[in-house]
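Make a model of the complete structure from these sequences and hints.
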Amino acid sequence: MIRSKDLLGIKELTPEEIYHILDTASGFRDVLRRDIKKVPPLRGKTVVSLFFEPSTRTKTSFALASKRMSADFVNFSVSTSSVVKGETIKDTALTIQALGADFVVVRHGSSGVPHLLSKILDISVINAGDGANEHPTQALLDLFTIQAHKKKFKDLTVAIIGDITHSRVAKSNIYALTKMGAKVRLICPPTLMPAEVEKLGVTVFHSIEEGIKKADVVMPLRLQLERQRKGFLPSVEEYFRLYGVTTDRMKLAKESAIVMHPGPMNRGVEIESALADGPKSVILEQVTNGLAVRMAVLYLLAGVKK
Amino acid sequence: MPKNILDHNDIKRAIRRMAHEIIEKNKGIENLCLVGIQKGGVILATQLASQIESIENGIIDVGTLDITFYRDDINTKEEQPVVNRTEIPCNIDGKTVILVDDVLFTGRSIRAAMDALVDFGRPAQIQLAVLIDRGHRELPIRADYAGKNIPTAFSDLIEVSLEDDSIENKAVLINGD
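Top to bottom, those sequences are chains E and W.
Everything in the first sequence is counted per this note's numbering, starting at 731 for the first residue and increasing by one.
Everything in the second sequence is counted per this note's numbering, starting at 4 for the first residue and increasing by one.
Bear in mind the hints are in silico, worked out from the structure with no lab data behind them.
Mimicking DSBU-like on lysine-lysine, the simulated pairs with C-alpha atoms at most 35 Å apart in a straight line are: (1) W/K98 / E/K767; (2) W/K42 / E/K880; (3) E/K909 / W/K42; (4) W/K42 / E/K797; (5) E/K1035 / W/K42; (6) E/K1035 / W/K6.
Here you go:
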């Protein structure tokens, strides 16, 4: 059962809590397949998004998730708000709480901002990405998608390819998959691999051919060029040649392997365009599942005694 | 001390009588659909359906309905919600849908079930069948078919254990004081 009023990261969750979220999400997945895609459990509740970084898909997903459950969704626009006039994030957050919000969905370029807000606020804080730390709802929707295709996590081999150092998606997925008993392989250039990452219980590969071999799930990540300082990579063309996930390389994975991508993807950089559109790709399914998972998170947090 | 209020044979007879009443009231089983409310009503609905089918020599649609997302007590309940399956096997537009639950108490579950059901279509009629009506309604809701009326104190607890093909179906009343 969910213990915390906040969703700060996968690191803080137990496998039982994760299963509870996934089970609840499958109920919402059924709701999303109906003609009437709206249910009433969060009637009268208000969800406010506070995004200090650009995002369309995550924010839209949270907005739709809120509305499908009859909550009100309001976007607190950072670029036009008092934040640019010098207000601290603490005062901004307290203002949102004073306005009567029940949830604040926060994304920030610095790690730990949601954790800071969770201590200041009585309302629920949901981490929608904090720096290079975590993006928990992305990992939950990835688990949900994997479960839908593979039925279990134990002993599955998941290959995550790309910019591990700068990726909060990678971090959350490493926590999530290892907690559920899957085997995680990380594949990336040495310059993009964080030091001592093996301590998280993963195996490191620098050759994509070896890393993909016999994998059940292959997950290329977006090259986070906006977070990288110069000098990590010679060029994106070379990155694709050495680390791009292609139809040919997928032949090394298991026959039944699926390809996932958290989006937004750069075709021809980390993933071959034809593969992204091909039968092994579950990328658009991930987007739909994200809605169900975010509904489950909002719904379950609403039921936690504050 | 838990007190037995219905034993296996009592339940069997109650289901048989309710099946006859349903057929009589609806003049047959054409246009009927049974929907069991998760979790207590699901097995009761299948048992009622097979009883009806054997009397009428026909087939009746049976569905399940989870009302978790339609409850009004998410902020007041101690335990956290667990979602079960909803499966409505037929188009309910214009049908007579019989909601089935094991115990009718405050009526709030039935209110939630009706809200959930109308999201799937517009039934011509909704009826309600329960194994036990224990009173204490908080909403203007009544059962069309009740296996047994049992007077209870508000704090009492009724536990119904129904299983397919079990020989030990029973209902017990646990004193709340």
